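Can you make the complete structure from the sequences, with help from the hints?
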Amino acid sequence: MTDMLTPPTTPPTTGPTAEPTPRARTRRPALRRIRKRLVHLLLVLLAVTFLSFVVVDLLPGDAAVVVAGDNATPEQVQQVRVELQLDRPLLVRYLDWLGGVVTGDLGSSFRTGQPVAEALGQRIPVSFEITILAQLLALLIAVPLAVYSAYRPGRLLDRASMTVGFGAAAMPQFVLGMVLIVVFAGGFMSILPATGYVPFLENPLGNLRSIVLPCLTLMVAEAAVYRQLLRSDMISTLQEDFILMARSKGLRPRTILLRHALRPSSFSLITLSGVNIGRLLGGTVIVETLFAIPGLGQLIVQAVFNRDYMLLQGALLFVAVAYVVINMIIDLLYLVLDPRVRRDA
Amino acid sequence: MPETVEAAPQVTTAGARAERTPWGWWVAWVWLSAVVLAAVFAPLLPLWGPAVPDYANVFGGITPQHWLGGDTLGRDTFSRVVHGARASLLVGICAVGIGALVGGILGMLAGYFGGRTERVLALVTDVVLAFPGLVLIIAIVAILGASLPHLIMGLAILSIPTFIRLTRATTLVVAQRDFVVAARAYGCRPLRIIAREIAPNVVLPVAAYGFIMIGTFIVVEGSLSFLGLGIPPPTPSWGGMIAGGRTELLTYPHISLFPAAVMFLTVLSINYIGERTRKQFEVKESNL
Chain A
1 MTDMLTPPTT PPTTGPTAEP TPRARTRRPA LRRIRKRLVH LLLVLLAVTF LSFVVVDLLP
61 GDAAVVVAGD NATPEQVQQV RVELQLDRPL LVRYLDWLGG VVTGDLGSSF RTGQPVAEAL
121 GQRIPVSFEI TILAQLLALL IAVPLAVYSA YRPGRLLDRA SMTVGFGAAA MPQFVLGMVL
181 IVVFAGGFMS ILPATGYVPF LENPLGNLRS IVLPCLTLMV AEAAVYRQLL RSDMISTLQE
241 DFILMARSKG LRPRTILLRH ALRPSSFSLI TLSGVNIGRL LGGTVIVETL FAIPGLGQLI
301 VQAVFNRDYM LLQGALLFVA VAYVVINMII DLLYLVLDPR VRRDA
Chain B
1001 MPETVEAAPQ VTTAGARAER TPWGWWVAWV WLSAVVLAAV FAPLLPLWGP AVPDYANVFG
1061 GITPQHWLGG DTLGRDTFSR VVHGARASLL VGICAVGIGA LVGGILGMLA GYFGGRTERV
1121 LALVTDVVLA FPGLVLIIAI VAILGASLPH LIMGLAILSI PTFIRLTRAT TLVVAQRDFV
1181 VAARAYGCRP LRIIAREIAP NVVLPVAAYG FIMIGTFIVV EGSLSFLGLG IPPPTPSWGG
1241 MIAGGRTELL TYPHISLFPA AVMFLTVLSI NYIGERTRKQ FEVKESNL
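As given, the protein sequences belong to chains A and B, one line each in that order.
Residues in the first sequence are numbered from 1 upward in steps of one, following the working numbering.
Residues in the second sequence are numbered from 1001 upward in steps of one, following the working numbering.
Just so you know, these hints were derived from the structure itself, not from any lab.
Because the structure is a prediction, the values reported are computed rather than measured.
Take these hints with a grain of salt, some might be off.
What the hints assert, rightly or not - Where chain A lies over chain B, by a calculated footprint (3+ residues, C-beta under 8 Å):
#1 1124-1131
#2 1153-1159
#3 1216-1226
#4 1247-1256
Note that the Cβ used here is the ideal one computed from N, Cα and C, for glycine as well.
Now the structure itself:
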């Protein structure tokens, strides 16, 4: 009883004059932490973009030959090479490109001449829509199942969702996608389109219909992993003293689960979800290939095969930036979610 | 008295239920052993040649000659599944082995030394994670040529960051333990402490995770072969076989279905065994 009461009674002993110092102390480390992260992430961006320049440079096959065409004479190829500035050293090209990026110029595609920013602008919304919808669906299914499974472990729902989850997690995406196509877009019934993508502004309903199967394909395995993760974190949270405290106050189980236990249990879930969003934004090549969706993944793969360096650079830059930004958001979310992190940082 | 007599058996049955190994555990081991044995002894088994077309068997169903039927070229599916297991398992085991070894050593260094070592490794980790894995693998295959060792190398590189992170986190916990402090007080050199005190305690959790990663990499290898970026065609691989039946999916689904089912069951077994093993470590850790 006294043990429980002591923590809240400690602040008065420090007195009002001592108050500003702890507050200042709590803010500065958080700021320093954010600044340190920013420097680190900037380094990551520089390293990734430089690495991609090196990798692209090492790729066999000459971009100038690809662009000039099969019938080009050596002089024409040389002319193209100079036009594309491929005759200059790697480091110069990288710095030049970096200067362009800083001023908002990503260059234009070697192949089509289309500005890279415009090409990315067409693809990113598609990848973004599918990624976010798939994540939301996965969380929507996983969170309630996990909360109930943690509340009553070993019950039918827990065991059933665990069994189904094991199967879902072992299902390769390309197999699941093929099965979905057979079931919903051909073999048994034709209620959904198997391939193609309809932009939302063109036809909202058609858009939804065209992304149902891709989203399902992406979502299934993730929902299974999320449920498992949240369930085990939640079970360990439910062992904590503050849960016992909430129960002894006579709060309803629903309140305890959703208001007290869910928030401190959601750290691993948010981390993994963030990592997955970053990974999926960078292209869901398999799903895009299966369902013929013009997303970022297809663009990147085509750019590699076409030796379309500028396009590839731009796309990789976006992927790296997405990774970095999402990492930042997750870091800040920790601070929002758990006051203990704010203090300990 | 009667109350305690009644209560006692209830407790023991509950305990026994928790102790009993579920039948799925044995099924998973039997399946996995069968796949591994078949893969190892594939050249010795009395099978059809995996690349030999039998024109009577094109799109063939299940027959006594061809246990799982034939594919679009009439090649024996059963033989190809068995031979495909060699490629899938080899890629999974080797890539995870290399990744765990390199990532494990780097992770222990990062976790034990901290400071600049840790910061540099965190940077390397983030760079690999921020670089799309597929591009890296396409690049490696394009630069060095499509072959099994290059594929393994690419996948190993992709797995290193995860192993660094896992080992680092485990090392941080182990390094706090008394025997590490004692070794340091003895005046042991840091590398000796890492090798003799920390590594034995880090190996098991990393191995349990690595086991699950083998399943993941079997799927990744399948996905790459599915996209035509994996093991080059004459060599049978599960992903390649599934992709090969894609055009006939509606008329002859079994061409894709059998390799897909084998892959699914193998990955399922690995996940199940790995998950159970990992949980046993968790319990032991919390008891310490």
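Problem - Hints violated by the structure (numbers, ascending) - result: 2
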